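Asks: Residue numbers (my numbering): 56 to 136.
Do not take every clue at face value.
Taking lysine to any residue pairs in the SDA-like style, the calculated list, with each CA pair at most 25 Å apart, reads [stated by the list, open to error]: (1) K59 / W110; (2) K133 / D84; (3) K67 / D84; (4) K59 / A97; (5) K59 / A71; (6) K59 / L98; (7) K133 / R120.
These are computed hints drawn from the structure, not numbers from a lab.
Small disclaimer: the values here were computed from a predicted structure and weren't measured.
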Amino acid sequence: MSNKRFQRSNEKRLLAGVCGGISEYFGWDSTIVRVVFVVLTALGFSGVFVYVLAWLIMPAQGEQRSLLEQIIRNFQGKSSQ
């Protein structure tokens, strides 16, 4: 069984690596994922919301915790490690 993780990409990164991470996870071309986000944005600005949400929830490649989890842990006064 493969040990795939949903994480932001460092190699296929343009902004935060969300589209690259999604494309690596599903084995798709990253251009297709980016076009989907552009279409979602053009159809009602939901693409920006989904992208920012994914950026907060998906951990960066090589990290254990997402950005949102790190923010919450810092707010609680816990170590981010």
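Asks: Indicate, hint by hint, whether the structure satisfies it.
Replies: For each hint, the structure was consulted:
1. K59 / W110: holds (18 Å)
2. K133 / D84: violated (38 Å)
3. K67 / D84: holds (10 Å)
4. K59 / A97: With a Cα-Cα distance of about 31 Å, the restraint between K59 and A97 is violated, given a limit of 25 Å.
5. K59 / A71: holds (19 Å)
6. K59 / L98: Measuring from Cα to Cα gives roughly 31 Å; hence the hint is violated.
7. K133 / R120: holds (13 Å)
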